[in-house]
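Protein chains in written order, with the numbering used here: chain D, 1 to 308; chain G, 1 to 308.
Quick caveat, the hints were computed from the structure, so don't treat them as lab data.
Honestly, I wouldn't trust all of these hints.
Copies of the same chain look alike in the list, so a pair counts if it works inside one copy or between any two.
25 Å max Cα-Cα, derived SDA-like pairs, lysine to any residue [unchecked claim]:
#	residue 1	residue 2
1	K301	G26
2	K283	P192
3	K283	Q213
4	K43	I186
5	K283	H214
6	K283	D5
7	K81	T229
2 protein chains.
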Amino acid sequence: MRNADIWVGIDWGTSNVRAWTFAPSGELLASAQSQRGMASLSKADYPTTLSQLLDDLHAPSLTAQAPIVACGMIGARQGWKEAPYLDLPANLERLGQNATQIEESGGLPPVHILPGIACHTAGSEDVMRGEETQLLGLLRFYPDFAGWVCLPGTHSKWANVQDGQLLGFSTFMTGELFETLSSHTILRHSMPDPERKTDEEAGISEGLEQGLQHPEDVTRQLFKVRAATLVAGKSSNWARGFLSGLLIGTEIGAIAPELSRQPVPIIGAPSLQRLYAEGLARKGLQSITIDATEATIAGLKAAREQIS
Amino acid sequence: MRNADIWVGIDWGTSNVRAWTFAPSGELLASAQSQRGMASLSKADYPTTLSQLLDDLHAPSLTAQAPIVACGMIGARQGWKEAPYLDLPANLERLGQNATQIEESGGLPPVHILPGIACHTAGSEDVMRGEETQLLGLLRFYPDFAGWVCLPGTHSKWANVQDGQLLGFSTFMTGELFETLSSHTILRHSMPDPERKTDEEAGISEGLEQGLQHPEDVTRQLFKVRAATLVAGKSSNWARGFLSGLLIGTEIGAIAPELSRQPVPIIGAPSLQRLYAEGLARKGLQSITIDATEATIAGLKAAREQIS
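Take these sequences, add in the hints, and give me the full structure.
Here you go:
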């Protein structure tokens, strides 16, 4: 890849896409995003969607020497083209070299899809797509980083990184559980207008403590979200906070015995970073917050340098 | 209440209604059911729905001396009329005496709605409506019963009964979690046609063991349902079984430290009784299966005798 060309990096997730144009020097020239994530696309939709993104980035004239580097669900079996998983232990410094190239992309510049990472160990099967790129980005901010990283979200990941390698990781369905339980179960009757926040902090704090202390009790405590509004006069804002705190506390309570004592980088949205930092602090663990978009961009830049 | 009259018992739940006509001797004369549970009805819909049920039971000519005894969500705040909860400890032998009467029911015989039971203890808030009637029924089968009872279902209950009193209980959202996770999350992609059962038993067994041993790990293990189909070649039948076993195992794993060593009556559907009995057995606990409908009918009969 010629370093003299501008290039495009893309984080193509399940529900949305974000894309950036970079100068050869690494300077960010333009950004674009859309709701056309993997879940809304068939394979045949990708070239048109990508063309639109390149138009939005004012980068329609990219050449074959200015490839596109993409991470995330674009490489899933249901994405544009399956980019096979790397196995554990996975060398994060070789994501770019293991990219899968789209060769026929309807006249578009070549697209390099970064691999996800899978754990095949019986009983610990797990997969990630996208977070590996953020972990590579983390190594650009902290080149000698060794330890556990928290990536909270729809499917929260905890990753163990040493010597530029991903040694192991675990996924918790925390974010998706919160959304699904709030929308599709009896708990929806206890959920407030999300604009109103009174009592929510108290609920978060109580839920967090409950989950941290007794992660084994989560499926019983879930019903308490409902019962406490029925018989204890708890507000729906409290209930929403309790549910959120309970699920995050349960996650941290379950993973905590595996963590080392050193500060945990939290790569995610600021609202989640705050809650996870609080949960870790209650377990006596420090944390470092890292902006998720910055980590993704740093990872895409690093992966692009790995593509020959 | 004159014992010379036939009478009607009703179990009016969230999603359906079942009703029975009984002779003065207690003999079952007729039964009827419909899908018109609380969730599908406004308060104004109840008299018409009840009339239809009485027609279906061939019991339209009930008189004021032949009341109707009903349990379940009909007494919820969103039901026909709120039947206030009894507090813990609750005397099961006084359910009938604490019934709430519908006085204006559009020319229909009087309807006695049995109370639910609530726990107001801070941190253990909980509610039941319907299961209290099954527990009263249990006391007709085992008059001296003392110990823990398992009532698996959408919202599984574990109840501690001594000397005719309900001393405490806990609800787990197990059944609703299974339905919601199977239908509304990423795990739906791993769910099979429910008609096909290959591999399901293996999945159930592995999930049950995982939940029993590590209930604290449930929100991590949920994602394994997905990952194991992606990277370990597990079938969707295995995944469905694992999810079911995991949630039931987690429930039993969390409650087990509170149980006594004596046999646990399981009041529920046969398919669930089998799985809960297996889970209890793996914890070294025996169980007794009791048909849920028989328990409800015995409870309604006992409550009717309590109504003066």
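**Prompt:** Between K283 and D5, at a C-alpha cutoff of 25 Å, which is it: within one copy, between copies, both, or neither?
**Reply:** Answer is neither; intra-copy 48 Å and inter-copy 65 Å both fail.
**Message:** For K43 and I186, with the copy left unspecified, which applies at a CA distance of at most 25 Å: within, between, both, or neither?
**Reply:** This pair counts as between: shortest inter-copy Cα distance 19 Å, intra-copy 37 Å.
**25 Å Cα threshold - placement of H214 relative to K283** = This pair counts as both: shortest intra-copy Cα distance 13 Å, inter-copy 20 Å.
**Asked** Is it within a copy, between copies, both, or neither that the alpha carbon of K283 lies no farther than 25 Å from that of Q213?
**Response** both (10 Å within a copy, 23 Å between copies)
**Asked** Are the CA atoms of K283 and P192 at most 25 Å apart within a copy, between copies, both, or neither?
**Response** The answer is neither: 30 Å in one copy and 40 Å across copies each exceed 25 Å.
**Message:** Treating 25 Å as the Cα threshold, decide for K301 and G26: within, between, both or neither.
**Reply:** within (7 Å within a copy, 79 Å between copies)
**Prompt:** Checking K81 and T229: alpha-carbon separation at most 25 Å within a copy, between copies, both or neither?
**Reply:** between (48 Å within a copy, 19 Å between copies)
Taken one by one, the earlier hints fail for this structure at numbers 2, 6, listed in ascending order.
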